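Start from the sequences, fold in the hints, and give me the full structure.
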Amino acid sequence: MVQTVNYSELVERDFAAVRSAIRSGLYTGHTAGLAKGHLQCNLAIVSGDLADDFHEFCRLNPKSCPLAGVSEPGKPQVERLGETVDIRTDAARYNIYRDGVLAEQVPDLIDVWQPDFVAFAIGCSFTFENALLRAGISMRHIEMDVTVPMYRSSIKTVPCGPFGGDTVVSMRPIHEDRIDEVFEICRSYPLAHGAPLHFGAPEEIGIADVGKPDWGNAVDIGEGEVPLFWACGVTPQVAIMQAKSALSITHAPGAMLIAEVSEQCAPIYPYNDNKKPTF
Numbered sequence: 001m002v003q004t005v006n007y008s009e010l011v012e013r014d015f016a017a018v019r020s021a022i023r024s025g026l027y028t029g030h031t032a033g034l035a036k037g038h039l040q041c042n043l044a045i046v047s048g049d050l051a052d053d054f055h056e057f058c059r060l061n062p063k064s065c066p067l068a069g070v071s072e073p074g075k076p077q078v079e080r081l082g083e084t085v086d087i088r089t090d091a092a093r094y095n096i097y098r099d100g101v102l103a104e105q106v107p108d109l110i111d112v113w114q115p116d117f118v119a120f121a122i123g124c125s126f127t128f129e130n131a132l133l134r135a136g137i138s139m140r141h142i143e144m145d146v147t148v149p150m151y152r153s154s155i156k157t158v159p160c161g162p163f164g165g166d167t168v169v170s171m172r173p174i175h176e177d178r179i180d181e182v183f184e185i186c187r188s189y190p191l192a193h194g195a196p197l198h199f200g201a202p203e204e205i206g207i208a209d210v211g212k213p214d215w216g217n218a219v220d221i222g223e224g225e226v227p228l229f230w231a232c233g234v235t236p237q238v239a240i241m242q243a244k245s246a247l248s249i250t251h252a253p254g255a256m257l258i259a260e261v262s263e264q265c266a267p268i269y270p271y272n273d274n275k276k277p278t279f
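Each residue of the sequence shown is one higher than the one before, counting from 1 in the UniProt record's numbering.
Quick caveat, the hints were computed from the structure, so don't treat them as lab data. It should be emphasised that the depicted structure is a prediction, and the values quoted were computed from it without experimental measurement. Where a beta carbon is used, it is the ideal one built from N, C-alpha and C, also for glycine. Certain hints may be false.
In the SDA-like style, the derived pairs of lysine to any residue whose C-alpha atoms are separated by at most 25 angstroms in a straight line are [as the list claims (entries may be wrong)]: (1) Lys36 <-> Glu12; (2) Lys244 <-> Val226; (3) Lys156 <-> Val112; (4) Lys212 <-> Gly164; (5) Lys36 <-> Gln77; (6) Lys75 <-> Val112; (7) Lys156 <-> Asp116; (8) Lys36 <-> Ser20; (9) Lys36 <-> Arg88; (10) Lys36 <-> Met144; (11) Lys156 <-> Glu56; (12) Lys156 <-> Gly200; (13) Lys75 <-> Asp116; (14) Lys75 <-> Gly33; (15) Lys244 <-> Glu104; (16) Lys244 <-> Glu9; (17) Lys36 <-> Ala131; (18) Lys75 <-> Pro107; (19) Lys212 <-> Asp166; (20) Lys36 <-> Glu9.
Computed spacing ranges between beta-carbons, pair by pair [as the list claims (entries may be wrong)]: (21) Glu204 <-> Trp113: 35 to 45 angstroms; (22) Gly25 <-> Glu204: 22 to 32 angstroms; (23) Asn272 <-> Val101: 17 to 27 angstroms; (24) Glu83 <-> Leu26: 21 to 31 angstroms; (25) Arg98 <-> Asp52: 16 to 26 angstroms; (26) Asp14 <-> Val158: 33 to 43 angstroms; (27) Lys75 <-> Asp220: 18 to 28 angstroms; (28) Val11 <-> Glu104: 21 to 31 angstroms; (29) Glu176 <-> Ala17: 32 to 42 angstroms; (30) Glu143 <-> Arg59: 34 to 44 angstroms; (31) Asp214 <-> Glu143: 20 to 30 angstroms.
Below, the structure is given as structure tokens:
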């Protein structure tokens with residue numbers, strides 16, 4: 001029987017060790033806090049006939065889908081992520097959608113890769129979490145060793161072709177005294193969705209109960225803490241479900257691809273992230 005690796009064994013290991021564990025299938029869990037300093041990416045993989053529409057969808061929704069790089073058709077590499085990254089093996093888990101429905105979850109794409117696939121690497125909020133941790137701002141889901149909670153919001157994306165639907169948001173509880181600081185830190189990471197979209201009053205963005213996330217796990221919200229909501233790279237999965245294409249693939253929520261390159265990379269399509277919070 002293959003010996004798996006758990007999160008506690010990897011959290012202080014270097015990038016090479018983390019990638020080896022993921023690439024070999026020994027680790028398939030969430031990647032928050034792993035390989036600190038390296039860019040983490042969401043993935044969306046579509047057939048060639050849909051690639052232009054999906055690319056434009058990302059351009060139109062740069063905060064939810066901050067584009068880190070795009071592959072050539074059929075090639076399992078994205079040059080902007082580093083020379084040795086393999087899209088087929090280097091995410092911790094993958095979701096396979098058939099006709100817009102989640103059909104299965106797999107540890108790699110070796111057996112399903114197709115010659116016309118185009119892969120889109122999209123920035124992930126796990127990148128800015130490292131900066132928040134360095135500032136002494138705790139991440140509850142990391143403390144609890146669970147996947148960050150994610151929700152369908154009532155905020156609509158800008159559609160393109162068959163792609164559209166609701167914006168997905170991730171949530172982290174932050175003490176009210178540090179909200180301004182969190183906004184300022186996160187603005188420095190536009191490829192990680194930048195500053196929060198919303199804070200407090202989850203019902204204002206269509207979330208009835210923060211204790212019941214649509215993806216990931218519920219986390220505790222302590223006294224004096226406020227839920228902050230960021231645009232999330234699971235948004236493309238909602239768009240893919242709406243498109244109902246014969247075969248599309250994404251990472252599994254929380255189980256990212258970790259790139260060779262630094263977390264300081266800039267998105268292909270910049271956006272204005274200067275909205276000031278009020279509290």
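Status of each hint after checking the structure:
Proximity of Lys36 to Glu12 is assessed by CA-CA distance (about 9 angstroms); at most 25 angstroms being required, the pair is judged to hold. A distance of roughly 36 angstroms separates the Cα atoms of Lys244 and Val226; the hinted pair therefore is violated under the 25 angstroms criterion. Between Lys156 and Val112 the alpha-carbon distance is near 31 angstroms, which puts this suggested pair outside the 25 angstroms criterion. Between the alpha carbons of Lys212 and Gly164 the distance comes to roughly 23 angstroms, so the proposed pair stays at or under 25 angstroms and holds.
Restraint check for Lys36 and Gln77: the C-alpha separation of about 22 angstroms stays at or below 25 angstroms, so the hint holds. Restraint check: the Cα-Cα separation between Lys75 and Val112 comes to about 13 angstroms, which is no more than 25 angstroms; the hinted pair holds. Restraint check for Lys156 and Asp116: the C-alpha separation of about 29 angstroms exceeds 25 angstroms, so the hint is violated. A hinted pair counts as satisfied when its Cα atoms are at most 25 angstroms apart, and Lys36 with Ser20 qualifies at roughly 15 angstroms.
Straight-line distance between C-alpha atoms of Lys36 and Arg88 comes to about 22 angstroms, which keeps the hinted pair within the 25 angstroms bound. A C-alpha spacing of about 18 angstroms is found between Lys36 and Met144, which places the hinted pair at or below 25 angstroms, so the restraint holds. In summary, the hint linking Lys156 to Glu56 is supported, as the alpha carbons are separated by about 16 angstroms, within the 25 angstroms threshold. Proximity of Lys156 to Gly200 is assessed by CA-CA distance (about 19 angstroms); at most 25 angstroms being required, the pair is judged to hold.
Pair hint Lys75 plus Asp116 holds up; C-alpha atoms about 8 angstroms apart against a cutoff of 25 angstroms. Of the supplied pair hints, the one linking Lys75 and Gly33 is violated, its CA atoms being roughly 29 angstroms apart against a limit of 25 angstroms. For the given pair, Lys244 sits about 15 angstroms from Glu104 by alpha-carbon distance, which is consistent with the 25 angstroms threshold. Taken as a hint, the Lys244 and Glu9 pair is broken in the structure, with Cα atoms around 39 angstroms apart against an allowance of 25 angstroms.
Simply put, Lys36 and Ala131 have alpha-carbon atoms about 10 angstroms apart, close enough for the 25 angstroms limit, and the pair holds. At roughly 19 angstroms between alpha-carbon atoms, Lys75 and Pro107 fall within 25 angstroms of each other, so this suggested pair holds. In summary, the hint linking Lys212 to Asp166 is supported, as the alpha carbons are separated by about 17 angstroms, within the 25 angstroms threshold. Between Lys36 and Glu9 the CA atoms are separated by roughly 14 angstroms; this keeps the pair inside 25 angstroms, and the hint holds.
Restraint check, Glu204 to Trp113: a C-beta distance of roughly 42 angstroms satisfies the suggested window 35 to 45 angstroms. Distance hint for Gly25 and Glu204: a CB-CB separation of about 42 angstroms, inconsistent with the stated range 22 to 32 angstroms. Between Asn272 and Val101 the beta carbons are some 36 angstroms apart, a value that contradicts the proposed interval 17 to 27 angstroms. Here the CB-CB span from Glu83 to Leu26 is close to 23 angstroms, well matched to the stated 21 to 31 angstroms.
Between Arg98 and Asp52 the beta carbons are some 22 angstroms apart, a value that agrees with the proposed interval 16 to 26 angstroms. With their beta carbons about 39 angstroms apart, Asp14 and Val158 fall inside the hinted range of 33 to 43 angstroms. Between Lys75 and Asp220 the Cβ separation comes to about 43 angstroms, which falls outside the hinted range of 18 to 28 angstroms. Judged by the Cβ atoms, the range 21 to 31 angstroms given for Val11 and Glu104 holds: they are separated by roughly 28 angstroms.
For the pair Glu176 and Ala17, the beta carbons lie near 38 angstroms from each other, so the given range of 32 to 42 angstroms is met. Take Glu143 and Arg59: their Cβ atoms lie about 36 angstroms apart, and the range 34 to 44 angstroms holds. The hinted window of 20 to 30 angstroms between Asp214 and Glu143 holds, with their beta carbons roughly 22 angstroms apart.
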